[in-house]
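Undergrad: Read off the chains here:
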Amino acid sequence: MSSSSGLTFKLHPLVIVNISDHYTRIKAQSGSASPPPRVYGCVLGVQTGRNVEIFNSFELHYDATQNVLDRAFLESKQEQYKKVFPKYDVLGWYSTGSDIQDSDMLIHKALTDINESPVYLLLNPAINHAQKDLPIAIFESELHVIEGVPSLIFVNASYTIETVEAERISVDHVAHIKPSDGSSAATQLAAHLTGMHSAIKMLNSRIRVLHHHLVSIQKGEAPYDHSLLRQVSSLIRRLPAIDSSRFQDDFLMEYNDTLLMTYLATITKCSSTMNELVDKFNTAYDKQNRRGGRSTFI
Amino acid sequence: MDSLDALVAQVQGFSGTDDLLHLFSLLKQSDELLHNHAPRLQYALSSLDPAKHSLGYLYLLEVQSSGTLSQEQSENFLALASTFLNVCIAEQICLAPEKFNMVCRRVKEQALQLQEPLRAILPLQAAIRKLQPSSEFLTAMHADFLQMCLLAKCYKASLSVLEDDIFEIDQKRTGLVPRDFLLYCYYGGMIHIGLKQFGKALEFFQHAITAPATVLNAITIAAYKKFVLVSLIQLGQVPLFPKYTPPVVQRNLKSCVQDYVDLATSYVTRNIADVKGYITTHEDAFKSDNNLGLARQVIASLYKRNIQRLTQTYLTLSLQDIADNVQLDGPKEAELHILQMIQDGEIFARINQKDGMVSFQEDPEQYNTSAMTMRLNLEIHNIVRLAKKLTSVDEQVSCDQVYLSKIGRDRPRYETEDFDIVPQKMYTNL
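Going line by line, the protein sequences match chains A and B. Heads up: the first sequence begins at 1 in the UniProt record's numbering, then just goes up one per residue. Heads up: the second sequence begins at 1 in the UniProt record's numbering, then just goes up one per residue.
Simulated from the structure, these hints should not be mistaken for laboratory data. Hints may contain errors.
[What the hints assert, rightly or not] To give an idea of the interface, some chain B residues facing chain A are shown, with a C-beta separation under 10 Å as derived from the structure:
no., residue
1, GLN73
2, PRO242
3, ILE383
4, VAL402
Here the structure is a predicted model, which means the values were calculated and not measured. Just so it is clear, CB atoms sit at the ideal spot from N, CA and C, and this is done for glycine as well.
Please put together the full structure from these sequences, using the hints given.
TA: Here is the structure:
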């Protein structure tokens, strides 16, 4: 069932990073005991009218055996965050797991004294390579009549990810620090260059589309659109960013340095192939008795 | 006579591309016939068109030029052959490469006999291009062509042929023998010496030395003598034999060229008086090998090398000091030497004429021009192309029967389950 409250949710990546970090830490601390325990915490943000924007989060102490939420801790944390971020309110809470559980509703109700209608953010920590979307779901509580009994149930709400420039840089950085399985510098360089290559390829294809469109405008096949042309013109004027003679000198010097390194690398590779070739030729066609102590090689 | 006419008619008739093979077999059989009718060949030749009936023309020419020719006959032959080589059709003559090679060799001999090597240059160049499937192939005419250019002192004419990198050798298509290859390297090196491109000359001589061989060859020895001298001029020392030098060469070569090896050892001491003295005492030996000019250039290079070593120690030096250090006759001569070196780009310096001081400078190349970018780009492309060729040759050698059997033979030394790559029957066959 999807939400009918009409609220738009915006999620910042910091929250996602926080939750996953919390979960990973607890999982590592609990050792290899399975199943890994659930983690709980609060989410903070700003609600303006219909817009709910979730900026930050912090952890909560929850005793799963006794189903007791540490209220004192929650309140002290809330006060501390209020001092630093006066604008942020507690908007709801988060937890990890693959699906909603019944105990969640109790926690949800417990939080209603802080926020009348809290949101519930669920992160699914199971790694699923086939799944393309983020394993995050946001739930709201609504009063529905089921079998004649009005009860609160969770309903799914849609959300979008919102980033600020600073967040984009940090997320990018975090994403690059952890390569897949301890790959060496060579594969990291290859991965970096592949990313660069695909980015440039995409840029190239976009520019080609624009160019094609402009040519067809020139020929008269497409309608003459002033606003589009203005945008294209402003885009083109953004480059070259610097164009002084000193820049040219420095740029060419660095470019030539890189070319020299590539040259050196190709020469080295060529020399090594040549060396192997000579060795093989010598073993094959050398009439001398060199068999003593020569190891086989491919 | 009728049979000759019949043959001519057949040549004219069959020179279309479909019947070429048929014509070829006919011509092979009629060799005897052609020899018998030698005096009438001139008439037959005039009735054939070299541009269309190249194959038949080739056979007739070859027979006509066999044996000794008088002055007039050889003039005639040379004229006919020159036009023929320029206009013949490549596909037709590729069917008979040995005959073609023989005709070209005759051209060379006649040109030598007439003392006019110049006349043979252009026809031979055309012949090379016609016989080569692509510019990377070596033909038997390369050596003759280079020899003509050397004798006629037309080094520039040979540049287009010399600059092609040779990658392929195909004996069936070009009728090549190893001697041609060695001569090609030797003459190529000499032409580069004439053009003062000592680096390239070194390459060529090294190819001649490292060519696979089972016995020592006079060409190899001559090439090695020049190699020693040129490497002293260019590098300052004689490099060691590379890995791929055939062992017979490695063991025996030095003993045949003792004079040159001693010259090399005295050069390394950088003592000009010693080197000069050595050359004057052994002048006859150098002269008999036609290497006296090169030996004199060795002395000149020693001066240059000493001056260059000074740049590494001093920032400025007076002309008088330079002259003393390098054992020149005086500051005037030192100035001349340094001016020449600056012009050749071997040194970067400024001469202050007022107080006779020379200040040595760094290479002003900053590597920040787009011209340098283009050059680097070009070089990288060249190397990538070369690397591709190398890997393909490498693969060829890896798949070679001889190679696989040789490494297969070492196998019993190791446990059999380690190396499954070479199947058992590969090396038990030998």
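Undergrad: What are the numbers of the hints that this structure violates, sorted from low to high?
TA: Violated: hint 1 alone.
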